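There are 2 protein chains.
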Amino acid sequence: MAAAAPPPPPAPVPTPPSTVPEGSTPLGFPVFARIRLAQPTDVPHIHKLIHQMAVFERLTHLFSATEASLSSTLFTSPPFQSFTIFILEVSSQPYVEDILHNNNPLYQPKVQVVNLDLPIDDPERVTFRSTGSSSDVVIAGFVLFFPNYSTFLGKPGFYVEDLFVRECYRRKGFGRMLLSAVAKQAVEMGYGRVEWVVLDWNVNAIKFYEEMGAKILQEWRICRLTGDALQAYGNGH
Amino acid sequence: MAAAAPPPPPAPVPTPPSTVPEGSTPLGFPVFARIRLAQPTDVPHIHKLIHQMAVFERLTHLFSATEASLSSTLFTSPPFQSFTIFILEVSSQPYVEDILHNNNPLYQPKVQVVNLDLPIDDPERVTFRSTGSSSDVVIAGFVLFFPNYSTFLGKPGFYVEDLFVRECYRRKGFGRMLLSAVAKQAVEMGYGRVEWVVLDWNVNAIKFYEEMGAKILQEWRICRLTGDALQAYGNGH
Chain W
1 MAAAAPPPPP APVPTPPSTV PEGSTPLGFP VFARIRLAQP TDVPHIHKLI
51 HQMAVFERLT HLFSATEASL SSTLFTSPPF QSFTIFILEV SSQPYVEDIL
101 HNNNPLYQPK VQVVNLDLPI DDPERVTFRS TGSSSDVVIA GFVLFFPNYS
151 TFLGKPGFYV EDLFVRECYR RKGFGRMLLS AVAKQAVEMG YGRVEWVVLD
201 WNVNAIKFYE EMGAKILQEW RICRLTGDAL QAYGNGH
Chain H
1 MAAAAPPPPP APVPTPPSTV PEGSTPLGFP VFARIRLAQP TDVPHIHKLI
51 HQMAVFERLT HLFSATEASL SSTLFTSPPF QSFTIFILEV SSQPYVEDIL
101 HNNNPLYQPK VQVVNLDLPI DDPERVTFRS TGSSSDVVIA GFVLFFPNYS
151 TFLGKPGFYV EDLFVRECYR RKGFGRMLLS AVAKQAVEMG YGRVEWVVLD
201 WNVNAIKFYE EMGAKILQEW RICRLTGDAL QAYGNGH
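Protein sequence lines correspond, in order, to chains W and H.
Using my numbering, read the first sequence as starting at 1 and increasing by one per residue.
Using my numbering, read the second sequence as starting at 1 and increasing by one per residue.
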């Protein structure tokens, strides 16, 4: 659905391997998480991620996007001016110099090391192997956002349409990392707000958002004109 | 606030002057309503309209837009690709050929005649006299919208951020005309949705929107990260 899925709670405090006493079992499994701009070659993976989101939200009956419809409507403007996607990748190894994913001067990929208690068993690592990267790099999630506008502030903001992390990567801080990357971009561009929506019964997500400083606007409701009603109204009914 | 104000209910059925029986008092006062793309010279009027909206919503403490902030953030992209404003003008006379407002090939102004029972007494007609038009043309309202994106549909839509009609022009069908112009544009561009928000206690507006075929999404809440919280989160907190 047209909405940000709840991000996982923050990751546990990382345990750097260097602090593990000699002779004991290492506690941490480092994961190298990278956020980068999506590019047209990512569309097959993006399509699969959106479908997984539709399954998660039990809304597959509303899912009609195809790789072709995504390809023809995304990537039509420079990043941040219109629809923009950040891809979240994970790897057990540091990223090697990566011309394919480093060549956009508007956004340098950001890498963060996350130390996990247990290794992640990803049953779909072959399906989600990142195009053009070493075999170890896997796509774990994405965030789609675009500029919105506040007439009261007289300046733009960002609206987060979708935030999704694949199941086996949840509850490790990756959702927060994606949302934080959008907020950081908004601050860098001097934008006034970042907004998204949440389901009113999703108390865990609401608590998480409030703890990060977001306000939940209780009085506003979204109105949607679509399908036949849009056609009729747009044609002058 | 970042939201569409409720539009007035539809205008009464027009009474063409030709149907008035001879000898009786004419019932209709025709008003020529025109919807056109805003341009940079409209910014002073747009700024005043937004301020009136803030007064109407009792939210002037949140109003910080200036003519300069509007000028530097609007009109940075071609119409419909990013933030787009339709201006509503009214005149008691037909529009003469108007090079200034007819020169955008992406949108030809649309004129509609509305027959009113009583003439409109506009106390601000001098302030809102349209720039570059004959003295009779007055700006009565605006709608600001921009593309949003549905990953489930795999295509864009429009989000209506603000819809405002000045007080003396309300309840005559002009709000509906502005919203309809956005819907028509969405249909022409093959877009999948038009969305906006409404206050949950505004039962008249909700009824009006439902009658036009819109769905009110009851379960979703808007989350907003702004001000110091955005700065803190964007800077890595």
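Calculated directly from the structure, the hints in this document are not laboratory data.
Model, not experiment: these values are computed from the prediction.
Treat the hints with care, as some may be off.
Capping the alpha-carbon separation at 16 Å, the derived lysine to aspartate or glutamate pairs in EDC-like fashion look like this [unchecked claim]:
id, chain 1, residue 1, chain 2, residue 2
1, H, Lys215, W, Glu124
2, W, Lys184, H, Asp136
3, H, Lys48, H, Asp136
4, W, Lys48, W, Glu210
5, W, Lys215, H, Asp228
6, W, Lys48, W, Glu124
7, H, Lys184, W, Asp228
Just some of the chain H residues that point at chain W, by a computed CB distance under 10 Å [to be verified]:
id, residue
8, Phe29
9, Phe32
10, Ile50
11, Arg129
12, Leu144
13, Tyr159
14, Gly227
15, Tyr233
Far from chain W by the CB rule (all over 10 Å, computed), these chain H residues [unchecked claim]:
id, residue
16, Pro30
17, Pro44
18, Thr66
19, Pro79
20, Val113
21, Val126
22, Thr127
23, Thr131
24, Ser150
25, Gly154
26, Lys155
27, Glu161
28, Asp200
Virtual Cβ for every residue (Gly too), placed ideally from N, Cα, C.
Okay, the hints, checked on the actual structure:
1. With a CA separation close to 37 Å, the supplied pair H:Lys215 and W:Glu124 exceeds the 16 Å bound.
2. Our distance criterion of 16 Å between C-alpha atoms is broken by W:Lys184 and H:Asp136, whose separation comes to about 48 Å.
3. Between H:Lys48 and H:Asp136, the direct Cα distance comes to roughly 19 Å. Violation of the 16 Å bound is thereby established for this hinted pair.
4. Of the pairs offered as hints, the one joining W:Lys48 and W:Glu210 is violated, with about 30 Å between alpha carbons and a cut-off of 16 Å exceeded.
5. At most 16 Å may separate the alpha-carbon atoms for a hinted pair to count; W:Lys215 and H:Asp228 meet this at roughly 12 Å.
6. For the hint pairing W:Lys48 with W:Glu124, the CA-to-CA distance comes to about 11 Å; that is within 16 Å, so the pair holds.
7. For the proposed pair H:Lys184 and W:Asp228, the alpha carbon gap of about 13 Å is at most 16 Å, so the pair holds.
8. For H:Phe29, the interface hint is violated, since its Cβ never comes within 10 Å of a Cβ in chain W; the closest pair sits about 23 Å apart.
9. Proximity of H:Phe32 to chain W is violated relative to the hint, the smallest CB-CB distance being about 18 Å (cut-off 10 Å).
10. Interface restraint check: H:Ile50 against chain W, minimum CB-CB distance 5 Å, threshold 10 Å, status holds.
11. Below 10 Å, beta-carbon pairs count as interface contacts, and H:Arg129 has none with chain W, the closest being about 22 Å; its hint is therefore violated.
12. Taken as an interface hint, H:Leu144 checks out: its beta carbon lies about 6 Å from the nearest beta carbon of chain W, inside 10 Å.
13. Look at H:Tyr159: its Cβ gets to within about 7 Å of chain W, closer than 10 Å, so that hint holds up.
14. The interface hint given for H:Gly227 holds, since its Cβ lies 8 Å from the closest Cβ of chain W, which is under the 10 Å cut-off.
15. Checking H:Tyr233 against chain W by beta carbon gives a least distance of about 5 Å; that is within 10 Å, so the hint holds.
16. Residue placement check: H:Pro30 keeps its beta carbon more than 10 Å from all beta carbons of chain W (closest about 20 Å).
17. Non-interface call for H:Pro44 relative to chain W: holds, since the shortest CB-CB distance, roughly 13 Å, exceeds 10 Å.
18. At roughly 6 Å, the least C-beta separation between H:Thr66 and chain W is not larger than 10 Å, which violates its mark as non-interface.
19. Every CB of chain W lies more than 10 Å from the CB of H:Pro79, the least distance being 13 Å, so the non-interface label holds.
20. For H:Val113, the shortest C-beta to C-beta distance to chain W comes to about 15 Å, beyond the 10 Å cut-off, and the non-interface label holds.
21. Separation of H:Val126 from chain W is adequate, the least Cβ-Cβ distance of about 24 Å exceeding the 10 Å criterion.
22. At the 10 Å boundary, the C-beta of H:Thr127 stays outside the reach of chain W, the nearest C-beta of that chain being 19 Å off.
23. Listed as outside the interface, H:Thr131 is consistent with that label: its C-beta sits roughly 19 Å from the nearest C-beta of chain W, beyond the 10 Å cut-off.
24. For H:Ser150, the requirement that its beta carbon stay farther than 10 Å from each beta carbon of chain W is not met, with the minimum near 5 Å.
25. Not every Cβ of chain W is farther than 10 Å from the Cβ of H:Gly154; the closest lies at roughly 3 Å, contradicting the non-interface assignment.
26. A beta-carbon of chain W comes within 10 Å of the beta-carbon of H:Lys155; the shortest separation is about 5 Å.
27. With a least beta-carbon separation of about 6 Å from chain W, H:Glu161 fails to lie farther than 10 Å from that chain, contradicting its non-interface assignment.
28. A cut-off of 10 Å between C-beta atoms contradicts the statement that H:Asp200 is not in contact with chain W; the least separation is 5 Å.
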